[in-house]
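Mapped onto mature numbering (1 follows the signal peptide of the UniProt record, and there is no 0), the consecutive letters of the sequence shown carry residue numbers -22 to -1, 1 to 358.
Certain hints may be false.
[Unchecked claim] Derived SDA-like pairs: lysine to any residue, alpha-carbon spacing no greater than 25 Å straight-line:
1) Lys198 <-> Met267
2) Lys240 <-> Lys197
3) Lys197 <-> Val175
4) Lys322 <-> Met41
[What the hints assert, rightly or not] Simulated DEER-style distance windows between Cβ atoms:
5) Ala350 <-> Lys265: 31 to 37 Å
6) Lys271 <-> Asn338: 46 to 52 Å
7) Lys317 <-> Gly43: 32 to 38 Å
8) Lys271 <-> Pro313: 20 to 26 Å
Hints listed in this document are in silico derivations from the structure and should not be mistaken for laboratory results.
Glycine included, each C-beta is placed from N, C-alpha and C at the ideal position.
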Amino acid sequence: MQVKLNLVVGAVAALLSGAAMSQDLVVKIGHVGPTSGAIAHLGKDNELGARLAIEELNAKGVMIGGKKAKFELLAEDDAGDPKQGTAAAQKLVDSKVNGVVGHLNSGTSIPASKVYSDAGIPQISPSATNPKFTRNGYKTTFRVVADDVHLGGTLGKYSVKELHGKSIAVIDDRTAYGQGVADEFEKGVKGAGGKVVGREFTNDKATDFTAILTSLKGKKPDVVFFGGMDAVAGPMLRQMKQLGIEAKFMGGDGICTGELPKLAAGTMGDGQVVCAEAGGVEGEAKKSMDDFKAKFKSKFNVDVQIYAPYVYDAVNVMVAAMAKAGSAEPAKYLPVLAKTSGYKGVTGVISFDEKGDIKNGALTLYTYKGGAREQLAVVR
C-alpha cells in the first residue's frame, strides 16, 4: 500500500512540476547576421554574442510579469544580402519573436527594419551604422553604436589633423555601409581643410583592384580610405603593396577586425592601418570589456572579432526593458525600451535618443602592430 501511495505522490509531484514548467514564459529573441559568405566570421561572432547573453539570462532566472522567463534564440543567416535579409526578417515575424537583435550590415538592416516595423517588433542593430537606418521614422528601430556621420567624419578629420594627409584617396564598395561611411569620411576631410585627390569604387565581392589602384597611384596619395569590409580590404592591402603604394590605409569598423592581418597576408606595415570601431570604453569601464572578452574566449575558444559585445548588450537591454515593463509583448515593452537611459553595458553606457540612436556614442581608433590590433584613442 505504501509503495502505491509513494507512486501516487510521485505522479502528482511530477504533474505539479510539469504544470509549473508550463507556467514559464517563453521569450523568443531573433538574431540575424551573415553566417555564410565572405564575412561569415563576423556574423558568427555576432551570433555567439547573442548565445552567450541568452545562456546567462536563462541561468539567472529572469522574472517578467511574475513569471520565470525561458529565453530561446532563433538565429537566421542573411549572407549580407538585402533580399535574404528581408526573407529572414519575415521568417522571424512569422515565428512570433518577441524582439530581434540584428542585422549586422546596414544594407540588410535598413530593408529589414520595415518588416519589423510593420509587425510592431523591436529591432536593435549592434552594428548598422548607416544614418538612414534610424531615419525612416520607425518606432521599433534602435542601434547601440554610433552612426557613420560620427564615424566617417571623425576619421576624415583624423586623416588631416593627426596623419597629416595632404592627398587623400577614397574607395568604397557601393554597399549602404561602405558608400555611406566613405561619403562622411570625404566630408570630414574637406571640413578639416584636406584634399581628396580621387574617388573610386568596387563591390563587396571583388578580389582584383589593379585598375582602380593603378589609377590612384598616379595621384600619389599619402592616405587611402576604404569604405567596406575586411574580406575586401585584405586583398586590397596586398595589391597596394604589389603596386608600391605606401600610403596609410584607413577604414571604419568593417575593416577593424582581428582577421584583417591574416586577410592581408602579412603585407601590412606596423602603424600603416588606422581604423575606427563604433563604441569604446575607457578607464574603469575597460575592465568590463576585458572581462567579457576573456569569458567569450573561455566559452567558445575564439577571440571576439568586433561586434559580439554589442550584440550581448543589445540582448540584455531588450530583456531589461521587458522586465521593467512586466511583459515580453512587443507593444507593452517597446515604450520602455525607447526610454532606455543609463544602462551600463560592457560596451559602455547605453541611452537612446528620440530616433533610437545611442546618445553620446563613442568611437575607438585602432592601428595594427606585429599583426595585432592596438588601441590608439577613444573619442566622442
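Hints versus structure:
For the proposed pair Lys198 and Met267, the alpha carbon gap of about 40 Å is over 25 Å, so the pair is violated. Taking the CA atoms of Lys240 and Lys197, the gap is about 28 Å. The hint is violated against a cut of 25 Å. For the hint pairing Lys197 with Val175, the CA-to-CA distance comes to about 7 Å; that is within 25 Å, so the pair holds. A hinted pair counts as satisfied when its Cα atoms are at most 25 Å apart, and Lys322 with Met41 qualifies at roughly 20 Å.
Distance hint check for Ala350 and Lys265: the Cβ-Cβ separation is about 20 Å, which falls outside the suggested range of 31 to 37 Å. For Lys271 and Asn338, the hinted distance range of 46 to 52 Å is not satisfied, since their beta carbons lie about 23 Å from each other. The given range of 32 to 38 Å is broken by Lys317 and Gly43, whose C-beta atoms sit roughly 18 Å from each other. Between Lys271 and Pro313 the CB atoms are about 34 Å apart, so this pair departs from the stated range of 20 to 26 Å.
In terms of the numbered hints stated before, the structure departs from hints 1, 2, 5, 6, 7, 8, listed from lowest to highest.
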